[in-house]
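At position 331 of the sequence shown the residue is numbered 331 (full-length UniProt numbering), and the sequence of numbers has no breaks.
Incorrect hints may appear among the rest.
Think about it this way: if two alpha-carbon atoms lie no more than 25 angstroms apart in a straight line, the pair counts; the simulated PhoX-like pairs of lysine-lysine are [what the hints assert, rightly or not]:
no. : residue 1 : residue 2
1   : Lys-89    : Lys-165
2   : Lys-206   : Lys-297
3   : Lys-271   : Lys-206
Since the hints were derived computationally from the structure, they do not count as laboratory data.
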Amino acid sequence: MKFGIVFFPTVGGANGEVTPTQYYDDGLHIAELADELGYFQVKLVEHYFFDYGGYSPDPTTFLAAVAARTSRLRIATGAVIPAFTHPVKLSGQLAMLDNISGGRLDVGFGRAFLPDEFTAFGIPLDESRARFEEGVEACVRLWTEDDLEWNGTFHQFGPVTMLPKPAQQPHPPVFVASTGNLDSCRTAGEQGHHLQLIASVATREKVQEALSVYRRAWAGAGHRAGTERIDLTFPCFVDEDREAAYRQGEYVERRMSEKMAAAVSAWATVKSDQYPGYDRMAAAAVGNGAAFDERVKENKVLAGTPDDVRGQLAEITDWYGDDIAIGLSVHSGHVPRADVERGLRLFAEHVAPGFTDGR
C-alpha cells in the first residue's frame, strides 16, 4: 500500500477564506514536505467557476510548479477533462508536464459532472461519455504515433506528430477517474487503464463491487496480473487528540458539503441519460456532512488519533485489498498549513510504516 496526498480546494476567497495566491503557496509547501516525508504522489482536480474546486481550472500549471520543487513525488491529474480541451492541446500540455517532472506524471482523465461547466463550454451533457472516450484515445495515440490523422466524431486533425513526446514510454500511466460507475470501471479494466476512485462517496459494498468489476475486466482482457493500479481517495484528519481531529474534520466536511451543494444545484432541474440518478444529487448534497461520526465509522473519512486511523486502514485493507494506493485529501483551504503539515508528519511517522511498501 502506498500513500499520496490530494488537493481539492473548496474555497472562493470570500468571507475571510484564503486567496488563490495563498492556497497555491500553501499547497507548494505542503507538496515539498510530502516529498521529504516519503509520500508517493500529489493529485489535483480540474473544476471551474464554483468554490467547489474552482481554484483549479488548470491542474497542469500547479503540478508543473510542484515538479520544479520536488524530486521524487509523482504528480497526478485527478482528473483532467478531455471534453473541455482539444486533444492536441491537452496531450501537448501533459507531455510537456511529464518531461518537466522527469517522467513522474500519472494522468487521470475524468468525464466531469457539473451541468454549469458543460453549459459554459457549450458541450451537451449527453455527449460527455463519447467525448471522454474519444479524448483519451486521441491523447494516447498522439503520444505514441507519428503523422497521426484523426477523424473522430468531435475532432478532426492531421496528419500531425506531437512534440514533445512524453518522457515515460510509451506514455504516462493512464487512469480513469470514477465515483464507482460500473460501466466506467469495466471499460477501464478492459482497456488496460488504471483506476482513480473516490471511495468516500459510496458505500463499502458499492466500492467493492466497482473494484471487483474492474479487476475482472482487467484479467479478462489479458492484461498482466498485478500491474493494475487502483487509487482510492479519502478525506483525512489526524491529531494526537481525537476530539481535535473530529472538530477539524467536521468543519471541513461541512464546508465542503455546502460548496458542493451550490455546485450541483443545477441537477435539480437537469436530467441526462449519461448520468442516471444525478438529478437527486442536489438534494443529497445538502446533508452530506451532517453525520460526521457515521462517516468515520463507515471508513468514508479517516479521522482521529494515529491509532484510530491505523485501525481504519486495517479494515480498508481487508475490504479492498492491499494492492491499492490511498490518496489523503488534506488541502481544502479551510485548514491552516501548519495543521496540515503536522497531520502529514503524524501520519508518515505513526500510521504509514505499518502499511507502506516504499514509493
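Outcome of the hint check:
A hinted pair counts as satisfied when its Cα atoms are at most 25 angstroms apart, and Lys-89 with Lys-165 qualifies at roughly 13 angstroms. Between the alpha carbons of Lys-206 and Lys-297 the distance comes to roughly 16 angstroms, so the proposed pair stays at or under 25 angstroms and holds. With a CA separation close to 23 angstroms, the supplied pair Lys-271 and Lys-206 stays within the 25 angstroms bound.
Every hint, counting from the list given before, is met by this structure.
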